[in-house]
Structures are given as structure tokens and as C-alpha cells.
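Novice: Using the sequences and the hints given, assemble the complete structure.
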Amino acid sequence: MSPFPGIPEDLLTGLEAPNPLDVGVLRTALEPLATPPDGPLRTLLDYGRLLLAANRMVNLTGAKDWRTLIHAHFLDCLQAARYVPDDARVVADWGSGAGLPGLVWAAVFPEKQILLLERNGKKAAFLKEAILRLELFQVEVLQGQGEERLHREEGVDLVVARAVEPLPKLLTRLRRNKVRHRSLFVMAGPSWEEAWLAMPKEQRRSWKLPAKHRYLLSDDLGERHLAVFKPA
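Take the sequence shown: its letter number 187 is residue 272 in the working numbering, and every next letter is one higher.
Among the hints, a few may not be true.
As the list claims (entries may be wrong) - What follows is a list of derived Cβ distance ranges for each label pair:
1) L106 <-> K315: 36 to 42 Å
2) L106 <-> P285: 45 to 51 Å
3) G99 <-> P285: 19 to 25 Å
4) G99 <-> P195: 29 to 35 Å
5) E220 <-> P253: 35 to 41 Å
6) P90 <-> R127: 23 to 29 Å
7) G99 <-> P295: 44 to 50 Å
8) R267 <-> G206: 40 to 46 Å
9) P105 <-> R289: 44 to 50 Å
10) R260 <-> Y300: 24 to 30 Å
What the hints assert, rightly or not - No more than 30 Å apart at the CA atoms, straight line, and that leaves these computed lysine-lysine pairs for DSSO-like:
11) K263 <-> K149
12) K207 <-> K254
13) K254 <-> K197
These are calculated hints, taken from the structure and not from any lab test.
Don't be surprised by glycine CBs; every beta carbon is placed ideally from N, CA and C.
Specialist: In C-alpha cells:
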């Protein structure tokens with residue numbers, strides 16, 4: 086697959102600014118995570134500009150406008166970020182795609198090393214360009230299959246997966262390939278628990294489920310869930 090061609094400046098300058106009300110909602114969501122929230126807010130708005138501009142060239146995400154990006158994606162990532170342990174120093178975003186949640190978390194956790202795992206060449210190239218433009222130097226893109234890249238990494242504290250693949254497939258891949266990590270966050274819709282309970286008992290015995298969280302998104306976008314798994 087050909088590499089991402091880079092974001093033309095005219096696409097960036099031609100974007101409409103986000104609605105101030107949506108920016109206010111984003112600021113409010115940042116306040117429990119960053120004090121003051123101004124720096125992370127600027128980073129997220131700059132990231133949003135890059136993502137919306139690039140999305141006109143390459144299909145990176147279903148969000149085509151600021152409102153959808155902020156309410157359906159950024160706020161989801163920030164809600165889940167509240168549960169990231171302080172001692173999780175290295176976080177791997179499994180199937181990062183457009184950088185959600187990895188780049189959002191990098192904006193609010195500058196002290197953590199963030200690994201973005203992405204096999205798609207164009208998406209990986211976009212992530213690299215975004216990292217450089219946003220100066221998020223604690224972030225690294227690892228292009229290739231997640232299990233192959235993480236198998237070489239030591240000291241990964243947390244793997245997070247958001248809307249990447251069905252839960253049984255994800256859990257099977259991680260265990261079969263002996264991916265080293267302390268915890269797994271699965272960001273999902275309400276049906277995740279049904280998929281988990283439908284798995285054969287012998288497969289579920291490989292995992293512990295110490296916590297699960299439910300939260301509502303704004304703008305009547307419904308509920309989201311965060312399932313916290315640990316290898317048994």
C-alpha cells in the first residue's frame with residue numbers, strides 16, 4: 086500500500102473552526118485529567134484539525150466533522166482515560182487507526198510512553214506525521230501486526246483496544262501469541278459482555294475480569310463500556 090501522501094496546508098487552512106460550545110464540552114471533559122487543561126486542549130484541537138483534513142484524503146475514521154469527532158470520539162477516549170492507572174508507564178494502542186485513543190491519551194499523559202500499533206501503511210504514516218506536527222515525542226508508531234510487534238516489546242503495562250475486532254478474536258490473539266502486558270482495556274459498546282459470556286469457559290479461564298465501567302456520551306450518543314482484563 087502506498088504511503089500517506091502528507092496533509093496539504095490548504096486543507097488545514099480551509100477547515101471550519103469547531104463550535105465554541107463543543108470546545109467547552111471538551112474542556113470540561115479534560116479538567117479532571119489535566120490541570121490546567123489549556124495545553125492538552127490545544128493539542129487535541131490541533132490533532133482534530135489534522136485528522137479531519139487527512140480524512141478527506143484517506144478513510145481514517147467515520148468522523149467527518151468537528152461535532153462528531155469531539156462528542157463520539159474524543160469524549161469517549163477521555164472518559165476511558167479516567168481509569169488508566171498512574172503506574173501504567175507504557176501503554177500500547179492496539180490497532181490505533183487514526184490514533185484513538187492513543188493520541189488523545191498522549192495529550193493528557195505526557196509522562197507515559199504511548200505505542201501506536203497499526204498495520205495499515207497509510208494510517209501508520211498519518212500517525213507519524215501527526216506525532217511530528219503535534220510534538221508528541223513520547224509516542225512511537227509500530228507498524229505491523231500487533232502481536233508481532235508487541236512480542237518484541239518488554240515492559241508494556243497496558244494494552245488498549247477500541248473498536249478493533251470482536252472480543253473473542255482479540256483475547257485469543259493476545260493469549261495465543263503470548264503478548265506481554267499487565268492489563269488490557271477493551272473500549273466497546275454494550276454487547277461486549279454478551280460476547281465475553283458466549284466464549285467457551287476454557288478460553289475465559291485464561292483471563293480475569295477485575296473491573297468493568299459504564300459511561301454515557303454526550304449529544305445523545307448512548308452508552309460506552311470499558312472492560313478491564315488481566316491475564317489469569
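Novice: Hints first: check each against the structure and report whether it holds.
Specialist: Results of checking the hints against the structure:
The hinted range of 36 to 42 Å is satisfied by L106 and K315, whose Cβ atoms lie roughly 39 Å apart. In this structure the supplied range 45 to 51 Å holds for L106 paired with P285, their Cβ-Cβ distance being about 48 Å. For the pair G99 and P285, the beta carbons lie near 52 Å from each other, so the given range of 19 to 25 Å is not met. Hint check: G99 to P195, Cβ distance near 30 Å, so the stated range 29 to 35 Å holds.
The hinted range of 35 to 41 Å is satisfied by E220 and P253, whose Cβ atoms lie roughly 39 Å apart. Checked against the hint of 23 to 29 Å, the C-beta distance between P90 and R127 comes to roughly 26 Å, which is consistent with it. Between G99 and P295 the C-beta distance comes to about 47 Å, which sits within the given range of 44 to 50 Å. The given range of 40 to 46 Å is broken by R267 and G206, whose C-beta atoms sit roughly 30 Å from each other.
Our hint of 44 to 50 Å for P105 and R289 holds, since their Cβ atoms are close to 47 Å apart. A beta carbon spacing of about 27 Å between R260 and Y300 agrees with the range 24 to 30 Å that was offered as a hint. Proposed proximity of K263 and K149 is contradicted: the alpha carbons are some 37 Å apart, above 30 Å. This hinted pair checks out: K207 and K254 have alpha carbons roughly 24 Å apart, not beyond 30 Å.
In summary, the hint linking K254 to K197 is supported, as the alpha carbons are separated by about 28 Å, within the 30 Å threshold.
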